[in-house]
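For the record, the sequence lines run as chains U and D. For the first sequence, full-length UniProt numbering assigns the number 1 to the initial residue and increments by one for each residue that follows. For the second sequence, full-length UniProt numbering assigns the number 1 to the initial residue and increments by one for each residue that follows.
Mixed in with the good hints, there may be bad ones.
Partial chain U-side listing against chain D, Cβ under 7 Å, derived [to be verified]:
no.	residue
1	43
2	108
3	137
4	144
5	257
6	265
7	281
8	284
Covered stretches of chain U, as calculated for chain D (at least 3 residues, CB under 8 Å) [claimed, not checked]:
no.	stretch
9	72–79
10	83–92
11	98–105
12	120–134
13	237–247
FYI, nobody ran anything at the bench for these hints, they're computed from the structure. Since the model is a prediction, treat every value here as computed from it, not as a measurement. All residues carry an ideal CB built from backbone N, CA and C; glycine is no exception.
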Amino acid sequence: MEAINKPQKRRSRIYSSEARVAYICLIPAFLGLIFLTYLPLFGVLGISLTNWTGLKSPEFIGFDNYIKLFTTDPYIKDSIIATIYFAVISVIGSMIYSLFIAMLLNRKIPARGFFRAVFYVPYVLPAAAIYVGWSWLYEGNFGFFNYLLSELGLKKILFIADSSYVVPSLSLISVWLAGNLIVIFLAGLQNVPIVYHEAAEMDGANGWQRFRHITLPCMTPIIFYNLLMSLIANLQVVTPALSLTNGGPSNSSRFMTYLMYDQAFVNYKIGYACATTFIIFVILAAFTAVLFKTSGKWIYNEGGDDK
Amino acid sequence: MSVAAYGGRLRSKKRRDRMINILTFVVVIVFTILALFPIWWIFRTSLMTNAEIYKYPPSLLPPNWLFSNYEKTLEIFKFWKYLWNTMVIIVPSCLAGTFTATLCGYAFARLRFRGKNLIWALCVGSMLLPAMVTLIPLYIGWTRGLGINDSYWPLILPYFCGGGAFNIFLIRQFIMSIPRELDQAATIDGAGYFRILFSIIMPAIRPAMIVVALFIFIGLWNDLLQQMIYINSSDKYTIALGLTNFRGQLKSDWSLTMAATCLSFAPGVIFYLIGQRYFVEGITLTGLKN
Numbered sequence: 001m002e003a004i005n006k007p008q009k010r011r012s013r014i015y016s017s018e019a020r021v022a023y024i025c026l027i028p029a030f031l032g033l034i035f036l037t038y039l040p041l042f043g044v045l046g047i048s049l050t051n052w053t054g055l056k057s058p059e060f061i062g063f064d065n066y067i068k069l070f071t072t073d074p075y076i077k078d079s080i081i082a083t084i085y086f087a088v089i090s091v092i093g094s095m096i097y098s099l100f101i102a103m104l105l106n107r108k109i110p111a112r113g114f115f116r117a118v119f120y121v122p123y124v125l126p127a128a129a130i131y132v133g134w135s136w137l138y139e140g141n142f143g144f145f146n147y148l149l150s151e152l153g154l155k156k157i158l159f160i161a162d163s164s165y166v167v168p169s170l171s172l173i174s175v176w177l178a179g180n181l182i183v184i185f186l187a188g189l190q191n192v193p194i195v196y197h198e199a200a201e202m203d204g205a206n207g208w209q210r211f212r213h214i215t216l217p218c219m220t221p222i223i224f225y226n227l228l229m230s231l232i233a234n235l236q237v238v239t240p241a242l243s244l245t246n247g248g249p250s251n252s253s254r255f256m257t258y259l260m261y262d263q264a265f266v267n268y269k270i271g272y273a274c275a276t277t278f279i280i281f282v283i284l285a286a287f288t289a290v291l292f293k294t295s296g297k298w299i300y301n302e303g304g305d306d307k
Numbered sequence: 001m002s003v004a005a006y007g008g009r010l011r012s013k014k015r016r017d018r019m020i021n022i023l024t025f026v027v028v029i030v031f032t033i034l035a036l037f038p039i040w041w042i043f044r045t046s047l048m049t050n051a052e053i054y055k056y057p058p059s060l061l062p063p064n065w066l067f068s069n070y071e072k073t074l075e076i077f078k079f080w081k082y083l084w085n086t087m088v089i090i091v092p093s094c095l096a097g098t099f100t101a102t103l104c105g106y107a108f109a110r111l112r113f114r115g116k117n118l119i120w121a122l123c124v125g126s127m128l129l130p131a132m133v134t135l136i137p138l139y140i141g142w143t144r145g146l147g148i149n150d151s152y153w154p155l156i157l158p159y160f161c162g163g164g165a166f167n168i169f170l171i172r173q174f175i176m177s178i179p180r181e182l183d184q185a186a187t188i189d190g191a192g193y194f195r196i197l198f199s200i201i202m203p204a205i206r207p208a209m210i211v212v213a214l215f216i217f218i219g220l221w222n223d224l225l226q227q228m229i230y231i232n233s234s235d236k237y238t239i240a241l242g243l244t245n246f247r248g249q250l251k252s253d254w255s256l257t258m259a260a261t262c263l264s265f266a267p268g269v270i271f272y273l274i275g276q277r278y279f280v281e282g283i284t285l286t287g288l289k290n
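Extracted from the complex, chain D is given alone in its bound form (with noise of 0.2 Å):
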């Protein structure tokens, strides 16, 4: 091939992939506006009346901007209590989860032990047992043999047992992956283990630490079956139940309901927005570590 042949062709090259490039634009514009047309379809009800909810055709904006809805959805939906509720359960298992899963990862990351071996296998085991499996004994042995019931500790201290071993795991990899020369140097400088987790393991792998709080987050979040039963009196409920709860009394108002909806949205956009580097750094991490 001449010089000049190979030229033009670059040249012909850089053209389509221009051209590619705008046309994935284009698709990536389309796909965004239709993975994000649910929720404005949701948020635009909220703001409408019944009346104009039911026209036909139905229209993309809502005509007055009703934010008055919220203040009749409040009064029936207590949001902001649900909110609280469910605040306690998470914001507890959430430090309390990451810490654990911390200890956790870092015995298993950088110290030797008799029954390593015995113990991660037993860990690793855990992950694949889907969650489900020990619902109904977990939910005998707190409520029969502790006598705990419509309370919030079953939801709480299973993450006080650090967090989960997918989260261990998690933490572990990120741990390995940090450079032993950092501890042995404190080691020499007179460093116990607890020293080094806290003043150099832990600060180095802070963005796995985010990561783990925002797994238990989400778990907590989205976990309707557990909350469904082991919380019976309404002055407890969480959001998820609060929400399901209200749906089933105002089955056809609907512009009510969405306007709950979308107060239960906000707590979630709300974190992820103010996390959400830490989400995409982390999500990413979890799929190249394992």
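Isolated chain U (complex conformation) (with noise of 0.2 Å):
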């Protein structure tokens, strides 16, 4: 008995003991999911039930702030329309922009590294400074942009302090910036197999056909990823309207991001913007579950059927 039972009670302990390291590890995980993420989640969905001003303690009002969110209030429309605009835009854009440069990068090429620095410097720099920056190349007068539309003969176009050039203005830059996508999808062409090319080159396949047939289905996984990490990020996005159109000419800027900072932060309704943020939350899920739900239709899983 005692031979039997001594092996089984050493590597329970071994196992108590790794369990133990185990949970120590995750102390400071475990505090950032409870006190950083999931409380907070609970806690919107409680503020925004209430009509707290951060002054005099909350009442509950039950769904009046859901309510007024959609019937009365004179933003919210607005900017879930510029947001998706913007979004929309701006991934299409830098998905075609960074798969597109990634494709020429991947031909063989002298100093191949230097050039996929160039396209990922503009992601290192702070984006504050970049709006800064081109604000001036968006110039309504002097700017850049405006002097190649004079010598091509056009009429000058205010772009951001244009309503209806603000958005596509302000993707420009985030296609700009998108260079992190440029690296992923390069590494991910030098995954796909250099043999299915040689073999569709046999066969007399054009190189729109190889890209069509061959480059694409293998690149889906990565084209997924990055799909999902820029519209993740584009739905977010604020810094363009707190550092240089505070949500203007006339709302069109007012990204939902953005208002619920307004709501917040400089009007303090606290118990409304907690009603925003909930709706933003549901937007953005939304979006992010037609994107996986759709995934397994266009995503070629490269090992078959073997999962």
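Build the complex: two chains, separate frames, hints provided.
What follows is the structure, given as structure tokens:
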């Protein structure tokens, strides 16, 4: 009996000391998950049902904030539209741009590392400085883009000071910032098995056919990853509104996160802002869910059916 | 197909490939110039007087290379102070975030314990939770709950809690790619779990740790929103806050504003040049490991 029990006991002792080490390692993350993630998440829901302004103690008002947001709020509809508009053109633009650049850099060209570094540079600059810098390029009279327009004989555009151009103008900056997508795409392209291309070439496939039927299918997992990451990031856009436009002109760049900031930290309607936050959260979750749901249809799984 | 014909096709293919490569190179150069142009335009503006800026047609090169603009800017734009303040936030956050992310990643990748699946699910779930959702409750927690106002702690302390789920995930994936035989050999030699982490795992995952540090760096660097809500007094401003404020003061003095912008670019570029290899290596990893 003893001989059988002994190793058993020893194993469980090792196991428990292993678990102890694991719990010690996880203390920080555990604290973070509770106090920085899940409690605040429920906090948003809870506060959104009150009329808290930060001064008086909050009163429970049920769904009044939500009703007000959907019926009388002057900003939220435009804000949602502006954000989705911005996110969609930024995501499409930066996906196309970065895949194109990555495919160029994937060919045999000299100093590839240098070029890759160049396209990545915008990503490491502080966002606030980028928007301030670009605001000069977009300046209404003497900015570089208006110089180009007047050289082409076109009328000057106010870009970020014109409500119909501000969102596309900011999207262009966000496309320019897509250096990290390029690097990830490039890594993915280098993993596409070269034998596929050789075989297709033997069969007489042209460049477009190879792109369409080899490169794209092999890249779908990476495309999904980049799409998800840039969609989530762009739907939360706030820095250009904070550092440049203050939501203007005439609310055309009052993005959802900026709207929330404005309600909570400028107007101190904290309960109301939490209701807005929750709506934004639902919108973001819906976009993410749709992306995940449809992903099964277009993601090519290289392993085949083995999973 | 005869051998000769095949050889001919191969030769013409080679020639065509060379043509395509040259063409690609030209296109790459054009796009490189386009991508760098905004930065150049900002830089050249920072070296000109306002009168020179407004001339038509604008010149591509600054006529006088007025580096004195930077002296003038530094008199109003307290760059060194802002840089110091930014570093006071970034350095402890990067160190603590990387360290705690490594601890957690190690636990998830290697150790067996009860509740692992649940905690892992909570962790992955929080990755999909957008950061802006928790902003207001956290702000209330820090300022009302703990009474911390106008301080860097709300920006730094979260990084002592695992450095974010994404980073934990990254480290875990990386540790899982290291052969287990390495730690088993060490266990036989009598090394404990922490010994294995510090002397075997950590050296092996150094690139991943550097990447995590860089991600935290970029994240804080860009996070104007949180800096704006937590920092009030101007002597605590970070670079991002200082620049936003500076632009508000000097709305139309573009040459000084651009000089301040270039100053704000500089630290990022310098860090990037130092860590370039790791940056690219690491970003590559994130794409492939997920």
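Verification of the supplied hints:
The interface hint given for residue 43(U) is met, as the beta carbon of that residue sits about 3 Å from the closest beta carbon of chain D, less than 7 Å. Given the 7 Å rule on beta carbons, the hint for residue 108(U) holds: about 6 Å separates it from the nearest Cβ of chain D. A cut of 7 Å between beta carbons decides the hint on residue 137(U): the least distance to chain D is about 6 Å, and the hint holds. Hint status for residue 144(U) relative to chain D: holds, with the closest Cβ pair at about 5 Å, below 7 Å.
At about 5 Å, the closest approach between the beta carbon of residue 257(U) and any beta carbon in chain D falls short of 7 Å, and the interface hint on this residue holds. Interface restraint check: residue 265(U) against chain D, minimum CB-CB distance 5 Å, threshold 7 Å, status holds. Given the 7 Å rule on beta carbons, the hint for residue 281(U) holds: about 5 Å separates it from the nearest Cβ of chain D. Look at residue 284(U): its Cβ gets to within about 5 Å of chain D, closer than 7 Å, so that hint holds up.
Here's how the stretch 72–79 of chain U fares: 0 of its residues keep a CB closer than 8 Å to some CB of chain D, so the rule of at least three is not met and the hint is violated. Residue count for the stretch 83–92 of chain U with a Cβ under 8 Å from a Cβ of chain D: 0. That is fewer than the three needed, and the coverage hint is violated. For the stretch 98–105 of chain U, the assignment as covered by chain D holds, since 3 residues bring a beta-carbon within under 8 Å of that chain's beta-carbons and 3 suffice. Evaluation of the coverage hint for the stretch 120–134 of chain U: fulfilled, as 13 residues show C-beta separations to chain D shorter than 8 Å, against a requirement of three.
By the rule of at least three residues with a Cβ nearer than 8 Å to a Cβ of chain D, the coverage given for the stretch 237–247 of chain U holds, with 4 such residues.
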